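Novice: All chains should be modelled from the sequences, with the hints used to inform the complete structure.
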Amino acid sequence: MATTVITNISSLVTNDPSLGAGPLGLIEDAAVVVDGDRVAWVGTAGGAPAADERVDAGGRAVLPGFVDSHSHLVFAGDRTAEFNARMSGRSYSAGGIRVTVAATRAASDEELAANLRRYLREALRQGTTTLETKSGYGLTVEQEARALRIAAAQTDEVTYLGAHIVPPDHADDPAGYVDLVTGPMLDACAPHARWIDVFCEKGAFDGDQARTILTAGAARGLVPRVHANQLSYGPGVQLAVELGAASADHCTHLTDADVDALASGDTVATLLPGAEFSTRAQWPNARRLLDAGATVALSTDCNPGSSFTSSMPFCVALAVRDMGMTPDEAVWAATAGGAAALRRTDIGRLSPGARADLALLDAPSHVHLAYRPGVPLVSAVWRRGVREL
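Reminder that position 193 of the sequence shown reads as 209 in the working numbering, one-by-one numbering, no gaps.
The set of hints was computed from the structure by calculation and includes no laboratory data. Small disclaimer: the values here were computed from a predicted structure and weren't measured. Misleading hints may appear alongside valid ones.
[As the list claims (entries may be wrong)] If you anchor each label on the Cβ, the simulated ranges turn out as follows: (1) D125 with R400: 52 to 60 Å; (2) D125 with D272: 34 to 42 Å; (3) S104 with R337: 20 to 28 Å; (4) R134 with R304: 31 to 39 Å; (5) R133 with D188: 34 to 42 Å.
[To be verified] Under the rule of at most 25 Å between Cα atoms (straight-line distance), these lysine to aspartate or glutamate pairs were calculated in the DMTMM-like manner: (6) K218 with D185; (7) K218 with D272; (8) K218 with D94; (9) K218 with E258; (10) K218 with D189; (11) K218 with D195; (12) K218 with E98; (13) K218 with D172; (14) K218 with D276.
Virtual Cβ for every residue (Gly too), placed ideally from N, Cα, C.
Specialist: If you want it as structure tokens, here you go:
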């Protein structure tokens, strides 16, 4: 396969401190050589080896493609009215999910697949090259299995979220629904997913129910993730760490014990500022987690109810402005942090052997992602070594 050198890069984020300055491994006046779907070489432009093709970055910045490790993209319908009401004073709760469940059940496979393609392309235009997505808007055996089949056909990382809420048809028998999620539904869904998730929250599933669901998934080879401590204090974070979950997602309401658990374990704290922005809720305190030594990721939580954004640059800007992160920390969390939350070492970095996922910014530095919020700065994207944009 042909090799390509991208040169005249003003600032290259490698996320490999052995290659450049600071935690981001920054290299100035840099170049990257891509061979097939992998990074073959990085360094200063003057030392770049010959390649079959040459791309001039024009003095702009390059960073790894964003890794969005939490989204809900297999859905149908619209919740504009709910958002409008919330912006007019109504508080957010987990119950609105039922509206999307009804619309998703009524949609055809083709409609769901087309929606998914639309949002994946939208995310790619904003520099996202790896994206996790979940089921959770079907909540029957057949509907959850088809959501995962549709997701697995288009995305790298697929999560079984039958435990999103208790659906209306099981409102009087939540224990029966847990049995369904851990029995026939799990049997149908496990072949199509890598992960299992649960919404551990008031109005959804309590700690004991979440433990039962995650343990059953782990017995089938699915790795746990947890929607934890979004709307209130609760057992989600502690449970995630105890069960060795890859990530505890949201982490908005944390006790000192929760922070200590995240700092001492391998579970990544995935923060989703789009949800707080869209619900006018309390911001997660990223500074508190980082100062304690926890690993932090940023993700969009793209979903039709509480965070209808696919923009990782927007989430970077929110994290810097409202969550106490520095621009360097936010960029790391949106790239290498997301990779850690997915337990991947081949993405989220630009060093030899990594997958060649790159985003070229129309700016001289990654800092512009926070410095110029809302501006479409991503001007080119390579995914697996192929220029997609």
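Novice: If a hint holds in the structure, say so; if it does not, say that too.
Specialist: Consistency of the hints with the structure:
{"no.": "1", "hint": "D125 with R400: 52 to 60 Å", "result": "violated, 26 Å"}
{"no.": "2", "hint": "D125 with D272: 34 to 42 Å", "result": "violated, 47 Å"}
{"no.": "3", "hint": "S104 with R337: 20 to 28 Å", "result": "holds, 24 Å"}
{"no.": "4", "hint": "R134 with R304: 31 to 39 Å", "result": "holds, 37 Å"}
{"no.": "5", "hint": "R133 with D188: 34 to 42 Å", "result": "holds, 38 Å"}
{"no.": "6", "hint": "K218 with D185", "result": "holds, 19 Å"}
{"no.": "7", "hint": "K218 with D272", "result": "holds, 20 Å"}
{"no.": "8", "hint": "K218 with D94", "result": "holds, 24 Å"}
{"no.": "9", "hint": "K218 with E258", "result": "holds, 20 Å"}
{"no.": "10", "hint": "K218 with D189", "result": "holds, 16 Å"}
{"no.": "11", "hint": "K218 with D195", "result": "holds, 19 Å"}
{"no.": "12", "hint": "K218 with E98", "result": "holds, 20 Å"}
{"no.": "13", "hint": "K218 with D172", "result": "violated, 31 Å"}
{"no.": "14", "hint": "K218 with D276", "result": "holds, 23 Å"}
In summary, the numbered hints that this structure violates are 1, 2, 13.
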